[in-house]
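**Q** Protein sequence lines, in the order shown, are assigned to chains U and H.
Using my numbering, the letters of the first sequence correspond one by one to residues 1 to 330.
Using my numbering, the letters of the second sequence correspond one by one to residues 1 to 330.
These are calculated hints, taken from the structure and not from any lab test.
Hints are not guaranteed to be accurate.
Pairs involving identical chains hold if they fit within one copy or between any two copies, as the list cannot separate such chains.
Unchecked claim - Using 27 angstroms as the maximum straight-line C-alpha spacing, the simulated DSS-like pairs for lysine-lysine come out as follows:
1) K104 x K93
2) K80 x K327
3) K253 x K309
4) K327 x K309
5) K257 x K327
6) K273 x K327
7) K273 x K123
8) K257 x K298
9) K93 x K80
10) K80 x K273
Number of protein chains: 2
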Amino acid sequence: RYFQFCKLPGRIMGIRLLRFTSVVIIVLLLVAGALTALLPTIKDDKMPILKRESKPQSQSALDSFTLIMQTYNRTDLLLKLLNHYQAIPHLHKVIVVWNNIGEKTPEEMWTSLGPHPVPVVFKVQTVNRMRNRLQNFPELETKAVLMMDDDTLVSAHDLAFAFSVWQQFPEHIVGFVPRKHISTPSGVYSYGSFELQNPGFGNGDQYSMVLIGAAFFHSGYLEDFQRQPEAVYALIDETQNCDDIAMNFLVAKHTGKSSGVFVKPVDIRNLEKDTNSGYSGMWHRAEHLLQRSYCVNKLVNIYDGMPLKYSNIMISQFGFPNYANHKTKM
Amino acid sequence: RYFQFCKLPGRIMGIRLLRFTSVVIIVLLLVAGALTALLPTIKDDKMPILKRESKPQSQSALDSFTLIMQTYNRTDLLLKLLNHYQAIPHLHKVIVVWNNIGEKTPEEMWTSLGPHPVPVVFKVQTVNRMRNRLQNFPELETKAVLMMDDDTLVSAHDLAFAFSVWQQFPEHIVGFVPRKHISTPSGVYSYGSFELQNPGFGNGDQYSMVLIGAAFFHSGYLEDFQRQPEAVYALIDETQNCDDIAMNFLVAKHTGKSSGVFVKPVDIRNLEKDTNSGYSGMWHRAEHLLQRSYCVNKLVNIYDGMPLKYSNIMISQFGFPNYANHKTKM
Numbered sequence: 001r002y003f004q005f006c007k008l009p010g011r012i013m014g015i016r017l018l019r020f021t022s023v024v025i026i027v028l029l030l031v032a033g034a035l036t037a038l039l040p041t042i043k044d045d046k047m048p049i050l051k052r053e054s055k056p057q058s059q060s061a062l063d064s065f066t067l068i069m070q071t072y073n074r075t076d077l078l079l080k081l082l083n084h085y086q087a088i089p090h091l092h093k094v095i096v097v098w099n100n101i102g103e104k105t106p107e108e109m110w111t112s113l114g115p116h117p118v119p120v121v122f123k124v125q126t127v128n129r130m131r132n133r134l135q136n137f138p139e140l141e142t143k144a145v146l147m148m149d150d151d152t153l154v155s156a157h158d159l160a161f162a163f164s165v166w167q168q169f170p171e172h173i174v175g176f177v178p179r180k181h182i183s184t185p186s187g188v189y190s191y192g193s194f195e196l197q198n199p200g201f202g203n204g205d206q207y208s209m210v211l212i213g214a215a216f217f218h219s220g221y222l223e224d225f226q227r228q229p230e231a232v233y234a235l236i237d238e239t240q241n242c243d244d245i246a247m248n249f250l251v252a253k254h255t256g257k258s259s260g261v262f263v264k265p266v267d268i269r270n271l272e273k274d275t276n277s278g279y280s281g282m283w284h285r286a287e288h289l290l291q292r293s294y295c296v297n298k299l300v301n302i303y304d305g306m307p308l309k310y311s312n313i314m315i316s317q318f319g320f321p322n323y324a325n326h327k328t329k330m
Numbered sequence: 001r002y003f004q005f006c007k008l009p010g011r012i013m014g015i016r017l018l019r020f021t022s023v024v025i026i027v028l029l030l031v032a033g034a035l036t037a038l039l040p041t042i043k044d045d046k047m048p049i050l051k052r053e054s055k056p057q058s059q060s061a062l063d064s065f066t067l068i069m070q071t072y073n074r075t076d077l078l079l080k081l082l083n084h085y086q087a088i089p090h091l092h093k094v095i096v097v098w099n100n101i102g103e104k105t106p107e108e109m110w111t112s113l114g115p116h117p118v119p120v121v122f123k124v125q126t127v128n129r130m131r132n133r134l135q136n137f138p139e140l141e142t143k144a145v146l147m148m149d150d151d152t153l154v155s156a157h158d159l160a161f162a163f164s165v166w167q168q169f170p171e172h173i174v175g176f177v178p179r180k181h182i183s184t185p186s187g188v189y190s191y192g193s194f195e196l197q198n199p200g201f202g203n204g205d206q207y208s209m210v211l212i213g214a215a216f217f218h219s220g221y222l223e224d225f226q227r228q229p230e231a232v233y234a235l236i237d238e239t240q241n242c243d244d245i246a247m248n249f250l251v252a253k254h255t256g257k258s259s260g261v262f263v264k265p266v267d268i269r270n271l272e273k274d275t276n277s278g279y280s281g282m283w284h285r286a287e288h289l290l291q292r293s294y295c296v297n298k299l300v301n302i303y304d305g306m307p308l309k310y311s312n313i314m315i316s317q318f319g320f321p322n323y324a325n326h327k328t329k330m
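One chain only, chain U, in its complex shape (with noise of 0.2 angstroms):
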């Protein structure tokens, strides 16, 4: 009997300990919210770095780059390149993209002279597509990318410096070759380099891109790259053009920043001249520049605004090439 009577307690105790329970529960909830909300939201120029820390790297892979050069027609510039490269420090890797579509690659030559201390991969392609280089490459390693053209030739001194400065500002294309968009009074936008001026901007000049045939660039923007509009495809395989505008446009929108920071280079060369094959590249066609002014265009169309900033810095080597190149001649 009293068994059944003393349940009743039991029961109540039972409840209260459900009721002060569900309240614990509650606080607990509120209290993780609250602290949750606090919690850092991701900010966008930060992504592409956290995108590939997802990747495991080893130490070397985080501390150095990798070289990506696109080729077409060129090997002997090529070969040339990819021996002056080897030479670089902190060269992780050498990926040689190879739009010479049906063309044995001299991978078999170039063993056959090694061994070489950076490795080479020779990735070859099906179409001879200019965005071919953009691709998001298994090999890829790095959070840093350095990308040159196949005809161009960057002091080992000027690469260092600028890969140090990368490593500062790591969302932003770092490299050797500014360009700049100016707005007309019609709206249209043109493309262009020094000569182009914007009217009425008091002293010195500006960029508002830096190319990617001559600088480094976070490897993250070639898997966002892979994330575009098509029509931006279609426009870079339609002219065989611009893949580097279009990269300055996704990095400009990314980081709201303008997408570039200039490198003043000690020693840069075009060697064109240089090849055999009297290919001559693809900037020499007449129509070049006036693709590139309709890209620009095009591109403001498809991404719905001009995400491109100007800037104005230009960033050398202090005490270097000059021992005191920091005191001004007057």
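Given the coordinates of chain U, work out where chain H should sit on it, guided by the hints.
**A** Using the frame of chain U, we list chain H on its own:
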């Protein structure tokens, strides 16, 4: 009887309740702890900025700067400089730190020759101290401080560009005069300029300080300076020197990065020879440089470490002063 008897299960439940509660509380603390650990730690290099935000600021106070100029025994130069700086774009106010103890300021004459576009405030000091200029002046309403020595003239154009650079690097000292420390094998540090070289540091040069005698920095750092160890103030007063070195230590500790960003000046001049007082600056004293090395080592002891970091970045304006200064002459 059964009451006594029946208290038992109650007590048992009580104990259970107690146990359960304590368990839940522990869980609560653990979760809270875990989530708190995930909270963003206030980045030091943001602190001064946050601090400033607390003061209400006019829009103009946000995109303009305050010139702080300390003067001693060079009133003729002071007036020349005040006239020059009146024409600087984005200048919000001038604060003159009047170290001529017991002397009347030229305020009356200055006002009589008005109107002047930019307000000038004379802060009469009671003791002639180097660090008077590092007070957190109530008249200071802008985030950006331009600090200038009273014998140095920097062109309006250099100042406008450097200010735009500071706006992109607000946690750094952005200025025109780089200096460095080097550590000797004995572990003792030396202070110097380009003549001083790190043994075996390869190509180019480095700096680890940017002097505040011709530089922009965040006004929050003036607040931080008020909270330094007494030994720092004693060192500065004893030497009447090194306040600028101390500021570089403060900023480097604050950011964990190099304290300064060096902007290559196009036109910077020392006007000392132009003064009628014949007074020549402290830095002419034989012991000046020795004192500064002494200060570096003292500050390392006071702060229990060497916070200064090296940089080799030199910033110039793209396309200025020469239209194509980005083109490498070879």
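**Q** Please go over all the hints and tell whether each is borne out by the structure.
**A** Quick rundown of the hints versus the structure:
no.: 1; hint: K104 x K93; in the structure: within (21 angstroms within a copy, 70 angstroms between copies)
no.: 2; hint: K80 x K327; in the structure: between (37 angstroms within a copy, 25 angstroms between copies)
no.: 3; hint: K253 x K309; in the structure: within (10 angstroms within a copy, 32 angstroms between copies)
no.: 4; hint: K327 x K309; in the structure: between (30 angstroms within a copy, 22 angstroms between copies)
no.: 5; hint: K257 x K327; in the structure: between (31 angstroms within a copy, 24 angstroms between copies)
no.: 6; hint: K273 x K327; in the structure: between (37 angstroms within a copy, 20 angstroms between copies)
no.: 7; hint: K273 x K123; in the structure: within (26 angstroms within a copy, 67 angstroms between copies)
no.: 8; hint: K257 x K298; in the structure: within (21 angstroms within a copy, 41 angstroms between copies)
no.: 9; hint: K93 x K80; in the structure: within (17 angstroms within a copy, 59 angstroms between copies)
no.: 10; hint: K80 x K273; in the structure: within (13 angstroms within a copy, 57 angstroms between copies)
Of the numbered hints given earlier, the model fails none.
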